[in-house]
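S.K.: Sequence:
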Amino acid sequence: MAYVDGFVVAVPKDRIEEYKSFSRKAGEVWKEYGARSYVETVGDDVPYGELTSFPRAVQAKDDETVVFSWITYDSREQRDAVNARVMEDPRIKDDMNNMPFDGKRMIFGGFESFIEL
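By my numbering, the letter at position 35 of the sequence shown is numbered 35, and the numbering carries on one by one without gaps.
Calculated from the structure, these hints are not laboratory results. Where is the CB? At the ideal position from N, CA and C, for every residue including glycine. Hints are not guaranteed to be accurate.
Cβ-Cβ distance ranges computed for the label pairs, FRET-style [stated by the list, open to error]:
{"#": "1", "residue 1": "Glu17", "residue 2": "Asp94", "range": "14 to 22 Å"}
{"#": "2", "residue 1": "Gly109", "residue 2": "Tyr48", "range": "20 to 28 Å"}
{"#": "3", "residue 1": "Asp63", "residue 2": "Ala84", "range": "32 to 40 Å"}
{"#": "4", "residue 1": "Leu51", "residue 2": "Asp95", "range": "32 to 40 Å"}
{"#": "5", "residue 1": "Glu32", "residue 2": "Gly110", "range": "16 to 24 Å"}
{"#": "6", "residue 1": "Leu51", "residue 2": "Gly109", "range": "18 to 26 Å"}
EDC-like mimics (lysine to aspartate or glutamate), calculated; alpha carbons at most 20 Å apart, straight line [stated by the list, open to error]:
{"#": "7", "residue 1": "Lys13", "residue 2": "Asp45"}
{"#": "8", "residue 1": "Lys104", "residue 2": "Asp94"}
{"#": "9", "residue 1": "Lys31", "residue 2": "Asp95"}
{"#": "10", "residue 1": "Lys31", "residue 2": "Asp5"}
{"#": "11", "residue 1": "Lys25", "residue 2": "Asp102"}
{"#": "12", "residue 1": "Lys61", "residue 2": "Asp45"}
{"#": "13", "residue 1": "Lys104", "residue 2": "Asp5"}
{"#": "14", "residue 1": "Lys20", "residue 2": "Asp5"}
{"#": "15", "residue 1": "Lys20", "residue 2": "Asp102"}
{"#": "16", "residue 1": "Lys25", "residue 2": "Asp89"}
{"#": "17", "residue 1": "Lys20", "residue 2": "Glu40"}
{"#": "18", "residue 1": "Lys25", "residue 2": "Glu88"}
{"#": "19", "residue 1": "Lys93", "residue 2": "Asp5"}
{"#": "20", "residue 1": "Lys20", "residue 2": "Asp94"}
{"#": "21", "residue 1": "Lys93", "residue 2": "Asp80"}
{"#": "22", "residue 1": "Lys104", "residue 2": "Glu40"}
{"#": "23", "residue 1": "Lys20", "residue 2": "Glu32"}
{"#": "24", "residue 1": "Lys61", "residue 2": "Asp102"}
{"#": "25", "residue 1": "Lys31", "residue 2": "Asp74"}
{"#": "26", "residue 1": "Lys31", "residue 2": "Asp80"}
{"#": "27", "residue 1": "Lys13", "residue 2": "Asp102"}
{"#": "28", "residue 1": "Lys31", "residue 2": "Asp94"}
{"#": "29", "residue 1": "Lys25", "residue 2": "Glu40"}
{"#": "30", "residue 1": "Lys20", "residue 2": "Asp63"}
{"#": "31", "residue 1": "Lys61", "residue 2": "Asp44"}
{"#": "32", "residue 1": "Lys93", "residue 2": "Glu18"}
Required output: the full structure, derived from the provided sequences and hints.
M.R.: Structure, rendered in structure tokens:
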């Protein structure tokens with residue numbers, strides 16, 4: 001079963017095309033180093049909940065949209081190795097200081113799959 005890294009970020013609506021370009025490049029790098037898949041999705045039906053929600057989780061502002069993403073790997077060990085290589089790659093390193101979203105509000109984590117149908 002796959003190991004999954006999941007991410008949720010708030011992206012300014014006027015920078016979504018820039019984010020898509022950033023993501024295409026990042027996805028190519030992750031895949032090059034061995035990720036099984038790299039998926040980016042933009043919010044289409046993500047209401048602002050009364051208690052919890054994707055927008056609340058990332059403190060999305062009125063001029064932002066929520067992006068939900070995930071990367072899959074063969075194992076946690078492979079994920080750790082791939083991410084170490086990605087973070088040293090100049091194509092990613094150069095962009096880390098100029099991301100089209102506020103990285104401080106990004107939610108992320110690694111997850112071990114237990115059902116895959």
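S.K.: Each of the hints needs a verdict: does it hold here or not?
M.R.: We went through each hint and held it up to the structure:
{"no.": "1", "hint": "Glu17 / Asp94: 14 to 22 Å", "in the structure": "19 Å, holds"}
{"no.": "2", "hint": "Gly109 / Tyr48: 20 to 28 Å", "in the structure": "22 Å, holds"}
{"no.": "3", "hint": "Asp63 / Ala84: 32 to 40 Å", "in the structure": "35 Å, holds"}
{"no.": "4", "hint": "Leu51 / Asp95: 32 to 40 Å", "in the structure": "35 Å, holds"}
{"no.": "5", "hint": "Glu32 / Gly110: 16 to 24 Å", "in the structure": "20 Å, holds"}
{"no.": "6", "hint": "Leu51 / Gly109: 18 to 26 Å", "in the structure": "21 Å, holds"}
{"no.": "7", "hint": "Lys13 / Asp45", "in the structure": "15 Å, holds"}
{"no.": "8", "hint": "Lys104 / Asp94", "in the structure": "18 Å, holds"}
{"no.": "9", "hint": "Lys31 / Asp95", "in the structure": "17 Å, holds"}
{"no.": "10", "hint": "Lys31 / Asp5", "in the structure": "14 Å, holds"}
{"no.": "11", "hint": "Lys25 / Asp102", "in the structure": "18 Å, holds"}
{"no.": "12", "hint": "Lys61 / Asp45", "in the structure": "16 Å, holds"}
{"no.": "13", "hint": "Lys104 / Asp5", "in the structure": "17 Å, holds"}
{"no.": "14", "hint": "Lys20 / Asp5", "in the structure": "18 Å, holds"}
{"no.": "15", "hint": "Lys20 / Asp102", "in the structure": "15 Å, holds"}
{"no.": "16", "hint": "Lys25 / Asp89", "in the structure": "12 Å, holds"}
{"no.": "17", "hint": "Lys20 / Glu40", "in the structure": "8 Å, holds"}
{"no.": "18", "hint": "Lys25 / Glu88", "in the structure": "15 Å, holds"}
{"no.": "19", "hint": "Lys93 / Asp5", "in the structure": "19 Å, holds"}
{"no.": "20", "hint": "Lys20 / Asp94", "in the structure": "17 Å, holds"}
{"no.": "21", "hint": "Lys93 / Asp80", "in the structure": "17 Å, holds"}
{"no.": "22", "hint": "Lys104 / Glu40", "in the structure": "19 Å, holds"}
{"no.": "23", "hint": "Lys20 / Glu32", "in the structure": "18 Å, holds"}
{"no.": "24", "hint": "Lys61 / Asp102", "in the structure": "11 Å, holds"}
{"no.": "25", "hint": "Lys31 / Asp74", "in the structure": "12 Å, holds"}
{"no.": "26", "hint": "Lys31 / Asp80", "in the structure": "14 Å, holds"}
{"no.": "27", "hint": "Lys13 / Asp102", "in the structure": "13 Å, holds"}
{"no.": "28", "hint": "Lys31 / Asp94", "in the structure": "18 Å, holds"}
{"no.": "29", "hint": "Lys25 / Glu40", "in the structure": "12 Å, holds"}
{"no.": "30", "hint": "Lys20 / Asp63", "in the structure": "17 Å, holds"}
{"no.": "31", "hint": "Lys61 / Asp44", "in the structure": "15 Å, holds"}
{"no.": "32", "hint": "Lys93 / Glu18", "in the structure": "17 Å, holds"}
When the structure is compared with the earlier hints, no violation turns up for any of them.
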